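J.: As given, the protein sequences belong to chains A and B, one line each in that order. The opening residue of the first sequence carries number 1 in the numbering used here; numbering runs sequentially from there. The opening residue of the second sequence carries number 1001 in the numbering used here; numbering runs sequentially from there.
The set of hints was computed from the structure by calculation and includes no laboratory data. Be careful, since some hints might not be right.
[Claimed, not checked] Okay, the calculated bits of chain A under chain B, using three or more residues with CB under 8 Å as the criterion:
1) 230-240
2) 270-281
3) 292-302
A quick note: this is a predicted structure, and the numbers were derived from the prediction, not measured. Backbone N, C-alpha and C define an ideal beta-carbon position, used for all residues, glycine too.
Protein chains: 2
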Amino acid sequence: MTNSRLTVIGAGVIGLSCAWRAASAGLQVTLLDPAPASGASWVAGGMLAPVTEAWPGEEALLELGVESVRRWPGFAEEVAAAAGRPAGLRTEGTVVVATGAGDRAELDTLAGYLARLGRAVERLSGRELRRLEPALGPDVRGGLSVPDDLAVDNRMLLAALRAAAERAGAAVVESAARAVLDDGTRVTGVRTDGAELPSDLVLVSAGAHSAALHPVLRGLVRPVKGEILRLAHRAGAFPAPSRTVRALVDGRPVYAVPRNGGGLVIGATQAETGFDTEVTVGGVRDLLRDAERVLPGIAEYALAESAAGLRPGSPDNLPLVGAVGPEGLLVATGHHRNGMLLAPVTADAVLALLHGRPVPESVRAADPHRFRGAHQHPEEVARARVDQR
Amino acid sequence: MTNSRLTVIGAGVIGLSCAWRAASAGLQVTLLDPAPASGASWVAGGMLAPVTEAWPGEEALLELGVESVRRWPGFAEEVAAAAGRPAGLRTEGTVVVATGAGDRAELDTLAGYLARLGRAVERLSGRELRRLEPALGPDVRGGLSVPDDLAVDNRMLLAALRAAAERAGAAVVESAARAVLDDGTRVTGVRTDGAELPSDLVLVSAGAHSAALHPVLRGLVRPVKGEILRLAHRAGAFPAPSRTVRALVDGRPVYAVPRNGGGLVIGATQAETGFDTEVTVGGVRDLLRDAERVLPGIAEYALAESAAGLRPGSPDNLPLVGAVGPEGLLVATGHHRNGMLLAPVTADAVLALLHGRPVPESVRAADPHRFRGAHQHPEEVARARVDQR
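Next up, chain A with everything else stripped away, as it sits in the complex:
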């Protein structure tokens, strides 16, 4: 396997993480992306928050997220060591807060659900929350403290992952993949603009653009637009919170993720409007209004950037991680709101698949065959493939 040519399509957080792991394991890795480290990964808020994202009916996603956040500190340390630069992990934890009565009822539902799952969450009054985070305004009436939900500076992480992947020998080619090529049985390469890249193995990690790359992915990944604002602290403005703040404001979710240097990333709208990355007036208005309700001091911050990204949504909000379709084709996409969170466990799973080893237990639910008349178990595919070499 170590002589195999692996082409990774997409240099977002998932593609970079997998390329780094695969190149470190000795594969010849080519990372194909017309604009590496851009797109949804560049726009992202960087929450690593499986617990405060949890919702009844999405137990498999919660389990997968909890497994990945557990891997995060070790992953960050490994990336940092490999890259020679920090990966941007923040371990201050998360508070989730409510404003109106309906919002508090919804948080009660979440707290009860998490308690039934045996996950400890601490319920706090508005006053207790403001003692933790003085930036929270008087409209915050109560909430939960979830110290194990972390955050990462997505742009520091992307820079570190790219450095780590390149140091491990991965070659970054700034070109767009148009299609995965196969001979009916196994993959043969990737077609880019005007060229073909011969490959024994192909990993599709092209986020919202994945579905167009091979018929087996058709209809399984769709773009879910998210608008986000980046705020910078200005002299004299109230200090930002140190924890991630997730809030419900009259039923609308909004979050603020702190960055080193006193900045905040405010997100995120959700809209299913196709491949549309324009920031709308209505989106910015909603984010500012809701974020100011929770953190009134941000009025004096600088609005440094507004941007929209396309989350790769899957039909059931779980990602697609596994072998599927022709031999040699792996996918790691459909991570929706959770690409940063799920990068460690996804990269570990992809590495296991490349070695013909079992994927982590929690990743089995992400097997892409759940959407197809699965003809073969993905580990068997990988094992068969590796055996042939």
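Use these hints to put chain B onto chain A, whose structure you have.
T.: Quick look at chain B alone, frame taken from chain A:
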């Protein structure tokens, strides 16, 4: 005079207009700006609106503005012909509208004032306004139509003015002026970073940065920050108004200036916070909230850009246009909110001063000597200067 070396400091709308006129008249013109066509002129909304800007006590400014807007169509045509590209004038006119009762009372004051000055303005109901501009929302309760208040696409204008100036022979040097040099009697040149530019004549048109360039301007020009948003029409969104819309929303002024292609420029906040060009959360929130009250359809527009500029404020809101201080020093600065509007009359006045001719009558109120123990009339200074050659 045609062999005189004129250095124009500042390539905003005023500096470019004056440099173009002077170079066309045969002077050797050097235009000095570290970033030509940027700053407040680049950020500007582009209203040419002396009537709807009028306010009791500022009659001299109204007269100057009316004189300049009268010159605008000819100016635009001349610029376009000289540049070989359009200057961006829009002649659809302006409506000024009110929402709350207090806003309507304020518009009544403006209408009465303009009537006493003999200026015809048409008062319209909310329904009549919506017939003119269907984009106006139901909160608009009444207003005025002012067809003679025009607008210009500031960025088209800047590009055309620069092309016209360079075609006429003006040399653009991308360097920052640090001080106007004189020998105690007359100007000798301009000090830039690490160099001196010998000059017989110097025009200070450096906007908010003018006061630092010569002691005679100290304290006379200050930065007045304005935040502005640029919106782009999106497929399916309601069409933008064709006229400039100026509004009072619960006492706060907001305006929307249409651009070719269906876009809108929304402005503008006012803040006296020094040389600060960061866009604040509070500024954007106010602009969006107020603009949406007046033009609800913009919620679906793209927020393409947010920016802040520094208007050059003067102590009495009139610009400073004239000769002052050592022989050979001219100033054309302090245009505050009216740089685009006043560019034609300012450039004509500066050309008159360079030729020792009288300035247009309306420009006399802008004589910078009004703030000093004026030792000499500016036209005498100019005449003396030209006579010496």
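J.: If you count the residues of the segment 230-240 of chain A with a beta-carbon closer than 8 Å to a beta-carbon of chain B, do you get 3 or more?
T.: That given contact holds, which follows from 3 residues of the segment 230-240 of chain A lying within Cβ reach (below 8 Å) of chain B.
J.: Given as covered by chain B, does the segment 270-281 of chain A meet the bar of three residues or more with CB within less than 8 Å?
T.: holds (count 4)
J.: Taking a Cβ-to-Cβ distance below 8 Å as contact, does the segment 292-302 of chain A have at least three residues touching chain B?
T.: Satisfied; 6 residues make the cut.
Checked against the numbered hints given earlier, the structure satisfies every one of them.
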